[in-house]
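**Q** Read off the chains here:
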Amino acid sequence: MFIRNTWYAAAWPAEVGRSLLSRRILDEPVLLWRTNSGQVVAVADRCSHRRVPLSLGRLVGDTVECGYHGLRFDPAGRCVHIPGQADIPPETCIRAYPVVERWKTVWLWMGEPSRADESLIPDLWWLDDRGWTGANGYVHLNANYQLLVDNLLDLSHVSFVHRETLAGPPEEAEIPVTIESDGTMVRVGRWMLNLDPPPMFAAARGGFPGKVDRWQLVTWRPPATVVLDVGCAEAGSGAPEGNRSRGISMWSNHLITPETETSTHYFWCYARNYALDDGAVTSVLRDGGYKTFLEDAAMIEAQQRVLDSGRGGPAVDIRIDEAPLLARRMLGERLSAERAEGTAPRRARA
Amino acid sequence: MFIRNTWYAAAWPAEVGRSLLSRRILDEPVLLWRTNSGQVVAVADRCSHRRVPLSLGRLVGDTVECGYHGLRFDPAGRCVHIPGQADIPPETCIRAYPVVERWKTVWLWMGEPSRADESLIPDLWWLDDRGWTGANGYVHLNANYQLLVDNLLDLSHVSFVHRETLAGPPEEAEIPVTIESDGTMVRVGRWMLNLDPPPMFAAARGGFPGKVDRWQLVTWRPPATVVLDVGCAEAGSGAPEGNRSRGISMWSNHLITPETETSTHYFWCYARNYALDDGAVTSVLRDGGYKTFLEDAAMIEAQQRVLDSGRGGPAVDIRIDEAPLLARRMLGERLSAERAEGTAPRRARA
Amino acid sequence: MFIRNTWYAAAWPAEVGRSLLSRRILDEPVLLWRTNSGQVVAVADRCSHRRVPLSLGRLVGDTVECGYHGLRFDPAGRCVHIPGQADIPPETCIRAYPVVERWKTVWLWMGEPSRADESLIPDLWWLDDRGWTGANGYVHLNANYQLLVDNLLDLSHVSFVHRETLAGPPEEAEIPVTIESDGTMVRVGRWMLNLDPPPMFAAARGGFPGKVDRWQLVTWRPPATVVLDVGCAEAGSGAPEGNRSRGISMWSNHLITPETETSTHYFWCYARNYALDDGAVTSVLRDGGYKTFLEDAAMIEAQQRVLDSGRGGPAVDIRIDEAPLLARRMLGERLSAERAEGTAPRRARA
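Protein chains in written order, with our numbering: chain X, 1 to 350; chain P, 1 to 350; chain A, 1 to 350.
These aren't lab readings, by the way, just hints derived from the structure by calculation.
Hints should not be assumed to be uniformly reliable.
Examples of chain A residues lying across from chain P (beta carbon under 7 Å, computed) [to be verified]:
#1 160
#2 318
#3 319
Far from chain A, by Cβ distances over 10 Å, these chain P residues were calculated [unchecked claim]:
#4 52
#5 136
#6 280
#7 314
Note that the Cβ used here is the ideal one computed from N, Cα and C, for glycine as well.
Chain X extracted, bound-state conformation:
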């Protein structure tokens, strides 16, 4: 059960070129490539003839040629050549998907194509702004994507899962959060004043002279885009009041795309607006990101295995679950609305 009329991150731009990238999204096989003019396009990764993946074939100009019998398909999914016959039956055409490259991200629309409105792409301007630079990565997760959303909307886990990167001193675990929602998003955040800095932030700045004031401000938008405004500044230097000049600040971006009901594409990026040309800082953030998000993956995958067993029993909710539960309710409502509306296409044949 996935929301379909929405944009999902499908790839980082460097992953898509003049070769065939096959990626399962919302449990459908999708084939991505760039045309000769550089545009990213996407069609079903299934030949209509004998149903083999087109990704086993090859690019011929702007078309993909099936590796088994040589049928060719253009970026609109039209079959444009069948060896040994001149007429091309319309049922040989395959599904094409709207694709947009924006904010240095490839976005895919799996829903009704006529509703693929580019203005619905989440605004992540800092991913494509000259004043900002990023360290990004991709993690494949053997777990349902909502478990990752839960994880990101719960700040308390940082103290236990990420001891060596993001966790500050133990007392952080007890600091409460504030939660807001206007029905289109959930925001959860907290300030942690006058504490030792967490290891990765210290490393990403070259250290702090003493204690820091730290912020973690999370925004989730359905179905699965989570951005965190996070940072640290020297304690008492005015960060809570808006002066971040004695600290560092980052957008921690989490673009989450269901692969199947039990697996997820996890695109993450730390974007910063300082030390833009300092490769060492980029390395600290990339290495720290992988370490951190693989720690999440290990925990979430363990959780999924218990769910898969059908034997974990009911989970007991506690106070820290308030924001994740709110997001799950909103997601459920949106899913129901989309189903009631009947505008989401059924799963494509491909």
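Fit chains P and A to the supplied structure of chain X, relying on the hints for placement.
**A** Here is chains P and A on its own, set in the frame of chain X:
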């Protein structure tokens, strides 16, 4: 659903000796060995007592001794010894299968034993004739055997799957075939005149001076024996009229045996009637055969995975599918007839 | 279907320390550790909050802290800390299991805790007596535990499965056994007089001058404790009459604990009352034990695979199955009684 009252290739002769060969055929475990006199025999690979595979035991004379409790079975499946007791209950006997070694191939009859008529073995005399020699191999395929029959009855795939061995120039892909059937077989074939030779045929002859006339003449007999009369001769030297003296000719043999509904034993052999003692030619054909048939395997296994997913949707048929679809119809009729007749034994207990 | 109101071997003592040992027992995840005072304790290996395994967390004093959100649980399964909140809802508590360390074995009670009577632990005094020493091991078996009980209650398999360790000359296979039962156990045994000694016993004594009198006396107690009084003495030296002074004698211990319906924890130990300080003898028995019991494992796992296939058909019983079948009947009765009584707790939520 398999045809049972027929001979299937079970092994190449060199695979069967004074050791225990376990091979699953029509989804039954079969145990093959040679008696002291050299005869190949086959029984169910299951002890009747605690159901362990007899292949974990050992040969004792012409009998197989179970590795767990020492029961012994003769080539007719009779239990001939039970440690610790003198009486041998008849229900300890196991199934034996008719086996014949012919055309340098071990043939097994999985149906009603009384109907195991040796004259029904397909005539492949060139596999055991002094004027011919062969390069053979075995490929295990994780796919239903009919996908491989489809593949062999469709010549168009050669241009796309086998670019480096069997494909001639691109225009071959457009050359139509002729199809015949007398109700006992399907024949599909074509002549391709005055084209560059395909790489493997060039290598197997030591080259051609120029263009060639090429033939591909396929005969399928149910359920799954496919032989191809294939070759090339110098263009214009009279091959279409019957004079093959300025070229090379081969029987490409494909003996296909279902292992399970989704896996297949694929015995193949290139038999030739020239350069009989030239090991280099044998190597060209053996290496080319493995390369070629593993390319088919990769494509067919991808097709099977889509079928297994239950999500590939219907396949669209095109012109090149005419011969494969004809063979599938004939196979379906024969399967229905066998079931209606009720002469095929149900799956053995073993 | 497991008997629950009974003690099962859960670990060898050296396996449990100040780290977290996760072991599935009767298909429930169990977490074992030692408190600071050295006591072995056991709770469900599932956090009540988000159901992740507590074994991914860490010990904090005598409690285990969940690695995801920091909840802490004491050895009685009580939740004693939730980050960010002072009140602890009772439903956050998890199941704890009675544990006893006795006979150098960690015993676990999976049934109704109030019935966990230590006097029900099988008497294996030789495992913790100054006059005895042991060579022990652990084998994980991908098979139902009853297949292993069957194996141990059938002495005939020794001649076929264990040719290189325990098998004597071939005529042993024909020597009958005597069987007794008083309704609480099954005993099966035999004496084998004036035969060549089996290889492992010869090695464990430094050889015998000639033939031996050999005994194999097996006692099974439900559900799955099997001890064998086994040994060899010089032929004619009076062993059958009770004088074992010219031979060696061992208790071969088999503590069998279901992991799941199709997998088993197999704790084994050869205990001897001679050459207590001779490490070479310990090595002979440990190496011989692993070789022997891995041979059983290979056979039993093959048997399980046939059972899993649902296609092996019925097994034919023969004379040597008398003792295993008697034990299966007793086990079935005890299982029925426990279910009728309704005293076994249903599977814990965890």
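**Q** Hint by hint, work out which the structure violates, then give me just those numbers in ascending order.
**A** Number 4 - this is the single hint that the structure violates.
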